[in-house]
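Assemble chain B onto chain A, guided by the hints.
Chains A and B are the protein sequences, given in the same order. Here my numbering is used: the first residue of the first sequence is 17, the next is one more, and so on. Here my numbering is used: the first residue of the second sequence is 17, the next is one more, and so on.
Take the hints with a grain of salt, since some may be wrong.
Copies of one chain are not kept apart here, so a pair can be met inside one copy or by any two copies together.
[What the hints assert, rightly or not] In silico EDC-like links for lysine to aspartate or glutamate, alpha-carbon gap of 16 Å or less:
(1) K181 <-> D44
(2) K149 <-> E139
(3) K332 <-> E71
(4) K160 <-> D78
(5) K160 <-> D44
(6) K290 <-> D275
(7) K35 <-> D307
(8) K298 <-> D230
Think of the hints as simulated: they come from the structure by calculation, not from any bench. These figures come from a predicted structure and were not determined experimentally.
Number of protein chains: 2
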Amino acid sequence: MSIEESIKTYGARIDALLKETIPPDKKDFLSEPIWHHMHTGGKRIRPALCLITCEALGGNIDEAIHFALAIEVMHNMFLMHDDIEDGDTVRRDQPTVWVKYGIANAVNAGDYLLACAFKSILESPVTLENKIKLLQVFTLTYGKTVEGQALDINARAAEDYSVDKYMEMVQLKTGYYLACGMVGGAIVSGVSEQVVEKIWMLGKTMGPAFQIRDDLIDLTHGKGRGGAIGSDVKEGKASFLYSYTLGVASQTDKKRLHDIMLKPRDETTDDDIKSVLEVYKKYNTLKHAQDYADNLIKQAYKTIDDIPVEDKTVFKEIASFMAHRMS
Amino acid sequence: MSIEESIKTYGARIDALLKETIPPDKKDFLSEPIWHHMHTGGKRIRPALCLITCEALGGNIDEAIHFALAIEVMHNMFLMHDDIEDGDTVRRDQPTVWVKYGIANAVNAGDYLLACAFKSILESPVTLENKIKLLQVFTLTYGKTVEGQALDINARAAEDYSVDKYMEMVQLKTGYYLACGMVGGAIVSGVSEQVVEKIWMLGKTMGPAFQIRDDLIDLTHGKGRGGAIGSDVKEGKASFLYSYTLGVASQTDKKRLHDIMLKPRDETTDDDIKSVLEVYKKYNTLKHAQDYADNLIKQAYKTIDDIPVEDKTVFKEIASFMAHRMS
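This is chain A alone, in the form it adopts within the complex:
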């Protein structure tokens, strides 16, 4: 089975368990906003990667599926809270939860998802030792992602935002998160600590590579939040492109970028976006970002070569899949 097929198959299993965990027909102020959000899409990629890794390493996916679900649930909790934090009003052409149900219900429904996530892991049919390990992995990932989000929220105001700072932020915000499923699958399958450590390392290169690609897509194809190009610029998001250009641009161009960054979303015009694109063009930023991401992917493959398991196929397939089409 290809990764794409596995994701489809395992995604369906995750969906079934999700419906057991949070019944969609329950008309309260938790299930309703949560399922409004869930229906905006999601391919269950993260939990599927957990199960794929578990199986490839000889584990039993029935032991990993509760953990896999927890990752998917946490992912959606972050999306729900991020939409509030970023002031995003539309997700995949639907109003975001806070817009439809109010900030109070959106904060609270997100909090509820986290309870569901921990409950799910506690119900895993694994040994006590593994249960604790899974909870440690999950708690670590959750905390680090929040730390990354704190850096991200407050990045726009910084005048000296550098590539190093961007990388620190994105490793925290997406690195742990991306590796977490694979790590959980690996733990359930009973591999050594050394394997687990290498998978964490993989997250530190794959996560940023994926995020830089996402930053690029926003300026080349648009991110599908209403379809427009440059939504990161409107939002004032400190992207890789922004951090890189601040490091190489003239004072005038830096100021131009920073001023647009600080503009409130609804005051950021299409001309501002054009202006940012011009500056990026001047410094060849998009090309540099692509190269930087490619280099991270290369590092990831090197890390995979060092994973102390005989058959590294699954990791290579996952890396290739992520590099090409994760969303």
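Here is chain B on its own, set in the frame of chain A:
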């Protein structure tokens, strides 16, 4: 040592561990908002009750202190998110976190507290079995409290809000939460499941009793959020007083209460508060609420009589303490 003295002693230990867990001098967008919030006060009563229970039942408080800290941290996470959800701008004469640092940082710093709470429990020096039990108790409490909050947030719009609905909400929102520390302390001390079950039951009467008392205080002495009387009325909070009166009042009086309930906070006048107080007076609501709370306390003492331990002193002391001065 009296409960008051124990709370002081144990509260200081909790404070020390809290400072280790979240360093106050770290100037980032997590520690700073969290410590701004922490400095608005808090007597560390919940975690102290955990340690007091643990010790009284023959347990080692060093094994319970990480769990105790987790409760305090969760408590503050809820306060931080509740302030956003309720639109409260002032807490103990200080601006709330979302007012001072923005909604994004307030949501995120609250999320971070929860990571710290789980991390703390995972670091407890207890057996694997007990660690899992503590995590289950904590996750259950966290989830139920969020469920209660969902009912609370959406209660004001309901025209048929009843005492039964109030009790369901408040048992979820405050009952588990109040019992959680004692339950954790009891688990660490190694008592039977039967003892633990009775402590949970205790929460179901003590929690609502405490909350009804809190509802009363708002109309008799004010709650200290700026000091004014009737802040629950302004906030549109569906209190015991409100739910009880809806069940006994005439259509006209019901409409009067409901209309004021639905008014936005800044449009609710002092005359509105007076008007609500008049309706409550007409139906003897305050006296009835006091009786209802007293009856719950009586039930709590009965539950304590049934706890299968020899010396029930600690539970009686805690109940008496809570009934008289918890805040």
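For each hint, the structure was consulted:
In this homomeric assembly, K181 and D44 come within 16 Å of each other (Cα to Cα) only across copies, at 14 Å, whereas the closest approach inside a single copy is 41 Å. For a Cα distance limit of 16 Å, the shortest separation of K149 from E139 qualifies both inside one copy, at 14 Å, and across copies, at 12 Å. Taking the closest pair of Cα atoms, K332 and E71 come within 16 Å of each other only inside a single copy of the chain (15 Å); across copies the shortest separation is 54 Å, beyond that limit. With identical chains, the CA atoms of K160 and D78 are never at most 16 Å apart, being 27 Å at best within one copy and 27 Å at best between copies.
Taking CA atoms no more than 16 Å apart as the test, K160 paired with D44 passes between copies only; the shortest distance there is 14 Å, against 31 Å inside one copy. When the C-alpha separation of K290 and D275 is checked against a cutoff of 16 Å, the pair qualifies only within one copy, where the shortest distance is 14 Å, while the shortest distance between copies is 50 Å. For the homomeric pair K35 and D307, neither the shortest alpha-carbon distance inside one copy (42 Å) nor that between copies (43 Å) is at most 16 Å. Taking the shortest Cα distances, K298 and D230 never come within 16 Å of each other, neither inside one copy (21 Å) nor across copies (63 Å).
Hint compliance for this structure: hints 4, 7 and 8 are not met, and every other hint is.
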